[in-house]
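Spelled out from the first residue to the last, the chains are:
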Amino acid sequence: MEAVITDLFYWVSIALMICIHAGFLAYEVGASRSKNVLAAAMKNLLTFSVVCATFFFFGWWFYNAFYQFPVGAIDTATAALPWSDDMGPNNSSVTGIFWGAFALFAATTGSILSGAVLERIRTSAFLILTTVLGSVVWIIGAAWAWHGSGWLLTEWGWHDFGAAGCVHLIAGAFTLGVLINLGPRIGRFVDGKAITIPPHNLPLTMLGLMLIFVGFFGFLMGCVVYTNTGYFSIFGNQTTLSAVAFSTLMGLAGGILGAYVSSKGEPFWTISGGLAGVISVAPGMDLYHPALAFIIAVAGGLLIPYFGKAIEKFGIDDVVGAVAVHGGCAAFGIVVSGFVLWGYPNVAGYPDINPLGQIGGFVVLALLGFLPGYVLSLALKKAKMLRIPAAVELAGLDLSEVPATPYPEGIPVTILKSDTEVTA
Amino acid sequence: MEAVITDLFYWVSIALMICIHAGFLAYEVGASRSKNVLAAAMKNLLTFSVVCATFFFFGWWFYNAFYQFPVGAIDTATAALPWSDDMGPNNSSVTGIFWGAFALFAATTGSILSGAVLERIRTSAFLILTTVLGSVVWIIGAAWAWHGSGWLLTEWGWHDFGAAGCVHLIAGAFTLGVLINLGPRIGRFVDGKAITIPPHNLPLTMLGLMLIFVGFFGFLMGCVVYTNTGYFSIFGNQTTLSAVAFSTLMGLAGGILGAYVSSKGEPFWTISGGLAGVISVAPGMDLYHPALAFIIAVAGGLLIPYFGKAIEKFGIDDVVGAVAVHGGCAAFGIVVSGFVLWGYPNVAGYPDINPLGQIGGFVVLALLGFLPGYVLSLALKKAKMLRIPAAVELAGLDLSEVPATPYPEGIPVTILKSDTEVTA
Amino acid sequence: MEAVITDLFYWVSIALMICIHAGFLAYEVGASRSKNVLAAAMKNLLTFSVVCATFFFFGWWFYNAFYQFPVGAIDTATAALPWSDDMGPNNSSVTGIFWGAFALFAATTGSILSGAVLERIRTSAFLILTTVLGSVVWIIGAAWAWHGSGWLLTEWGWHDFGAAGCVHLIAGAFTLGVLINLGPRIGRFVDGKAITIPPHNLPLTMLGLMLIFVGFFGFLMGCVVYTNTGYFSIFGNQTTLSAVAFSTLMGLAGGILGAYVSSKGEPFWTISGGLAGVISVAPGMDLYHPALAFIIAVAGGLLIPYFGKAIEKFGIDDVVGAVAVHGGCAAFGIVVSGFVLWGYPNVAGYPDINPLGQIGGFVVLALLGFLPGYVLSLALKKAKMLRIPAAVELAGLDLSEVPATPYPEGIPVTILKSDTEVTA
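These protein sequence lines map, in sequence, to chains A, B and C. Residues in the first sequence are numbered consecutively from 1, following my numbering. Residues in the second sequence are numbered consecutively from 1, following my numbering. Residues in the third sequence are numbered consecutively from 1, following my numbering.
Each hint should be verified, as a subset may be incorrect.
Same chains, same names: a pair is fine if it fits in one copy or spans any two.
Below, in silico cross-link-like pairs of lysine to any residue (SDA-like), each with a Cα-Cα straight-line distance of 20 Å or less [claimed, not checked]:
hint	residue 1	residue 2
1	K313	R185
2	K382	G192
3	K264	P403
4	K313	P184
5	K382	N91
6	K264	I415
7	K264	L399
8	K417	I195
Bear in mind the hints are in silico, worked out from the structure with no lab data behind them.
With the hints as constraints, model all of the structure from the sequences given.
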């Protein structure tokens, strides 16, 4: 019966995570200017599709092959090769459901990148970058830092319940590397001064984020190991969904409140505070007391507008604040967890959780994310494949890339029956 | 294994209930005029955050301390104090998951209020009111009327499977109390004549309601007690999710059809009929035959436009019809259940379900909701803290409260590639 | 405990399927022109309500009575009559939860029709058609082709895990029959040349489709039989949710990529490719290898723009491509499955899966869908009850049918606080 409920458990996790992608579509479409709306939506759809497919054909294998450093388990990873029996409709296997949950994590990393680079990246370059991030880079990070035998755990005592390191930090760092080479949108910086380019439909963006919050509950289910006798983190310590529910809700609440205060009520930062809060508490959300989770989340929320300003100072244009929210809060949360959880015992005689292990892991994963993003986007830039021509950018991507138009009538004033009766 | 599945059960309940809040955001944003869109969204986010946090720090304690009348179990409620072991990440406890489901109920009461008072309330006053409603008033009502040892059950034979009394009725009555002191929006009544102020984006409001319907399935999971051997209502009688599925779907269908007929196809009332139907059948949805649930739901749906008109007659401006839908249908459903379920036995020798008990409970809960809402908002009014200045209201709240703008370009007519080719 | 988890399993399935209807509302509203927005939304709400209610009163009985050909089990179907004990809140029964899942399938067939006939059908005619489709026609198809003792299985070896035949094919064929008699919207064909009438809000339509994808995970849960010892298809062969997760995600990914290529990046076809992919693999998604599912899904996605063009060639106006996507891909998927799964053994000595059985089943179900749709809509046309008058169509349905207006202000340019400060 354990396999039966395991199948159900991660199936629900996957279904809820599809909400993340529904949410990202609304979020990115809303965050674009009206001239780039459909190009944003198409990028989003392609991210999901390309990452899903490549994650089947080679991504999943990395997780199973690379958990020792630098490699070393390649021979035992044959069950994750696409032609393995386990990777088919095997009646006794739950591989597909684990693969599915990981594939949705992979697609999430791709979507984190996709929002930041909106409105000026070439689709072809983007698809190369998103495939490398979603089906190679992050999953190597997951093998190292989010695996019951990953070397960061076995050697350094690393703990990261909610995948802050391998998903959010790696995606944020990779994105930062890409943004440096991609450059800002035309008009984003004028005479060295940052000019805000507002979303064309902020309510749609906010609805998108709320759907991402729904999806978070699927994501966090994907962070526990279900057994009939209890829940365990990926790192082997016992936990409960109760503990995770406490931290998640207090994380959402604290992050929103923190960001509300420090952004002085700016809606985009405030709602992003919900992400910030959950990401900030993610490393220890199986272990934190709810009040502590709340405090850490408030701090994470408070920080993001400053992270955003700091990135802007370097002339970097991150359309949705992905580096600040995902990268910044993951870094903050990981470092904090090292001190707060200092001395908490790991299983199987692995080193206790400790600040040096957490900070070391942070550095390793930040580099693992940043370097491929930077190098690959630099190569694409040199090959003049990274960015669309300025004329296309000014006219809007939809006009040259997409054989359709989002609002052919605009949203006009519509007339009420009784109005016409009065007129008549 | 029971604790494991219990954790899973309410986790899914919580995840689905997040859809309620995604839905409320879309619903309230759509229901505002375009000048108040972001202020509405911010209120929504703050409701969720403030209620969640305060419900941890003191709300949950009320439920555990106040189920006898007026108090009497304070000594046994220590496990619900924020520093209790049970309120932390305890590996054997499912407290967090129960707390989480209740916290989402609490946030729902706050969101019921938040829609009704749109476009003219001060944020600070609103946050005080929503905290009192979400983390004090309704949860005292839940202790009395939605607890296995609540005094309304043990003394009067009260039955209210789906929390119509403690959530919908209390929130509706509290809202009514606030609306009386808050007063209508400028222009809503001219020379004593009611003028409809239409939502700026009715499709968005309708999508929001559909997401709330999704969330209802989480809410109703939160109304059963899971055990490995069967489901029970909060009141201890056995039931099944099958029974609840029948009533919920027939409630949605019946309510929509009823409201469609009586509103002559008005979309806002028609889709609100789905809420009306489910709320009307909520008290007995574990016990009603589906055909009976359908009939009660049709009646509930039929009634709401009349409830709305009645409230309007008193010069009260309820932006989203919250008092009519939540308060009105809960009252209707509770009274009906007293007659329909008359004589159905309660557990443990408590009095049978009976009309007097249901009507008495209705009166108690209506007062429990109305009085604090009225008194507190009156005090805020006297202190000139309740309502924004008329000039701000006329200019729109976004302009003075929110450092952002929802539609900086409007939604303009966008051009299709082939159109430009034709032109060129 | 099996009944307890069974209840939970299909409850979650139902909750997720409500997302399909939230999605369809956004999808159809977006696909309309701004003058028909609310009429589209109302049709959607009424579909859900009318089908749910009638499916209780008679629809479910057909499934239980008609699985032999042409009838023959009417005497054993008494448990599905509305006054049966099983159709009430029976504490030992899981009937309600099965009924609920089927009722949501039924509502889905109605919604497939509803998108195609937008912007010119009479509401009364539509409600008759949708009731016949949702509570009679498709469920007879389900009795024949999606039942453990259905005659297509027992006689011909039919296999159709994901209800491609009874839901998608029947709904698509019925819709085709209706569209022939309904005729195209005014202006859709000018001098025999097809003119595209674009959606007024394509981003909203795309968000709607994403929500439908979320709902698909509920739909596919409704396609397995849960037992504590393992999952089975409706046809009795063992399977796992792992197998279905593989096929579903590879189906979504493949379909989107296929449609992207063949539509040259047209957003509506591309995102519809997700539907196309899942429907194309649906008949064998319990048995296909994920790589095979991917290939079939790519093919299904590639085909839909061609299906769409072919239908257009006949002067048929299908607003949302329902016939192409649902009908076309179901036909394609069923035929393909006959060859790919040729020889796979069925349970209980029923014939093996074979191409003739699958093609024969396709013909039977296509006719079962097409004929009632065609005949009934012809009768309604003759009675002049099918289509709204041309003047109403030109002015927009909202103006004559709906006492409300979707965008009373349009979506205007909104002003930012700092803009006014600069101006002042």
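Hints, verified against the model:
Taking the closest pair of Cα atoms, K313 and R185 come within 20 Å of each other only inside a single copy of the chain (15 Å); across copies the shortest separation is 43 Å, beyond that limit. Proximity of K382 and G192 under a CA criterion of 20 Å is satisfied in neither setting, with 24 Å inside one chain copy and 50 Å between copies. In this assembly of identical chains, K264 and P403 lie within 20 Å of each other by CA distance solely across copies; the values are 8 Å between and 41 Å within a copy. For a Cα distance limit of 20 Å, the shortest separation of K313 from P184 inside one copy, 12 Å, qualifies, whereas the shortest one across copies, 46 Å, does not.
Taking identical chains as interchangeable, the C-alpha atoms of K382 and N91 are never at most 20 Å apart, the minima being 49 Å within one chain and 54 Å between chains. Taking identical chains as interchangeable, the C-alpha atoms of K264 and I415 lie at most 20 Å apart only when they sit on different chains, with a minimum of 18 Å there against 38 Å within one chain. For a Cα distance limit of 20 Å, the shortest separation of K264 from L399 across copies, 14 Å, qualifies, whereas the shortest one inside one copy, 37 Å, does not. Taking the shortest alpha-carbon separations for K417 and I195, only the inter-copy value of 15 Å comes in at or below 20 Å, while the best intra-copy value is 43 Å.
Going down the numbered hints, you'll see the structure goes against 2 and 5, while the others check out.
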